[in-house]
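Number of protein chains: 4
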Amino acid sequence: MGNLDALNAFLRQSPLHQWLGCSIVAQDEAAGSVDVLLPDRPELHRGADSAIAHGGVVAALADIAAHAALHAKVGHGLPTIDMRLDYLRPATLPLTARATVRRNGQNIGCADVEIIDCDGKLSALGRAVFFTRSTPA
Amino acid sequence: MGNLDALNAFLRQSPLHQWLGCSIVAQDEAAGSVDVLLPDRPELHRGADSAIAHGGVVAALADIAAHAALHAKVGHGLPTIDMRLDYLRPATLPLTARATVRRNGQNIGCADVEIIDCDGKLSALGRAVFFTRSTPA
Amino acid sequence: MGNLDALNAFLRQSPLHQWLGCSIVAQDEAAGSVDVLLPDRPELHRGADSAIAHGGVVAALADIAAHAALHAKVGHGLPTIDMRLDYLRPATLPLTARATVRRNGQNIGCADVEIIDCDGKLSALGRAVFFTRSTPA
Amino acid sequence: MGNLDALNAFLRQSPLHQWLGCSIVAQDEAAGSVDVLLPDRPELHRGADSAIAHGGVVAALADIAAHAALHAKVGHGLPTIDMRLDYLRPATLPLTARATVRRNGQNIGCADVEIIDCDGKLSALGRAVFFTRSTPA
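Protein chains in written order, with this note's numbering: chain A, 32 to 168; chain B, 32 to 168; chain C, 32 to 168; chain D, 32 to 168.
Calculated directly from the structure, the hints in this document are not laboratory data. Do not rely on the hints blindly, as some may be mistaken.
Identical copies look the same in the list; a pair holds intra-copy or inter-copy alike.
Simulated crosslink set (DMTMM-like; lysine to aspartate or glutamate; CA at most 25 Å straight-line) [unchecked claim]: (1) K152 x E60; (2) K152 x D36; (3) K152 x D59; (4) K104 x E145; (5) K104 x D36; (6) K152 x E74; (7) K152 x D71.
From just these sequences and the hints, can you work out the full model?
Below you can see the structure in the form of structure tokens.
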């Protein structure tokens, strides 16, 4: 794998990803990381009066980015085993999620995610664990 | 607090909740629990070929339900500190999230969530931690 | 598997478990749960002035109990993939950890743990995920 | 705060820390990080045949190091709200835990931990959340 077009073609197979309009905008193969951009849209807001993302949207973005980082390594889709999010401060859209593979084992993979808001501030930390074999979990 | 109409009026203030069409369909005040229903819609699907929810959607629903359970106790909105999700099996929409308060402290609250899929099967477990004071975190 | 003597014989193979003096004091095979008792000893205290357990001791107990619950199901040792602890209130020794299997899949298992302190109060919640195959992770 | 002697004097007030023999061996104030060394001792072993640390010991070390990193910032002890551990590979003692503050808010703090084994390999990742006010949680 490796080029952004191929990674984004895979990413866009998911109806959720299509609706969100998210895309992989950068990849660092040496670091095992990808950057996923989530554009602003009003349906993703926590409240009616600002472009602060709902915490559930931040969580969904973290899952998407962590999966994309591992997918770029292993070349197939992977079931998420678990995920955790730490919310550091309100995250105003658009958001960028930088996901970095921390482990790519025979069975288990782990990726860290940093959620960066529209002002470049770190807004949340994510960590997700995946089943990396190509057979079902 | 306490009746479903009031709880749902608060829930629907969020543009994300409006778009998702989720609602609180049951409350057990003695148990400290609420049930949140998430209807099916194609944009929430993981893949194009089934109504299996994207993992990020399951995470968002868990956050919404855990917050609703604590909101029903304390009567105001609360910032999420962190959240974790364990995915047990694919979750076909519509989904019901049952959230139960495990702690409602002066500063910190914690709620557990069970995600039940359209066939009544337990599909995921969530746990979320909130700042319960009415002042900002 | 199934009887407490066999489960405890396995448990005591670990030097840490021997030193802690922990043991499985109850098993409910239908519920998939075990109770692990951790006796008081001064080296486990958080501070010098009380028998409140150090948070790291609570975490270790949760790991031990979750592993014991899954071991009782699958009959062999399992590597922990990840674990999380939520501390609800200070936990005075001796402690009892009740661990219940929530998933026992072909590859992945998950167990919940409740830490009960010497007064019967819920002091902490744990959740741990294991690799359930008998081959290395 | 700041020098290692003062930090270690505080650390050693805990009977568990005394028994473990752990100590802060380095501090980087600019990075908000501390390194905590855990020496080998047989009671910490997972099995009788090697110096691989029990997973519960790794968890305890992560809690200790994360707390030490935040304590070095705020100058008082803090209750742990929650903690999570991801085990990447078996960790042979002695271990070093490098904890780095990711958030030091008015109410909530968060620190990341990397557990490095005797061969310099990354063995586990931890993340812990604390209540940072000097009043009880």
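Here's how the hints hold up against the structure:
1. K152 x E60: Intra 24 Å, inter 21 Å, cutoff 25 Å: intra and inter.
2. K152 x D36: So K152 and D36 fail the 25 Å test inside a copy (28 Å) and across (34 Å) alike.
3. K152 x D59: both (21 Å within a copy, 22 Å between copies)
4. K104 x E145: Result: close both inside a copy and across copies, 19 Å intra and 22 Å inter.
5. K104 x D36: For K104 and D36, the Cα distance is within 25 Å only inside one copy (15 Å; across copies 45 Å).
6. K152 x E74: Answer is within: at 22 Å inside a copy they meet the 25 Å cutoff, but 29 Å across does not.
7. K152 x D71: within (16 Å within a copy, 34 Å between copies)
The earlier numbered hint that this structure contradicts is number 2, and it is the only one.
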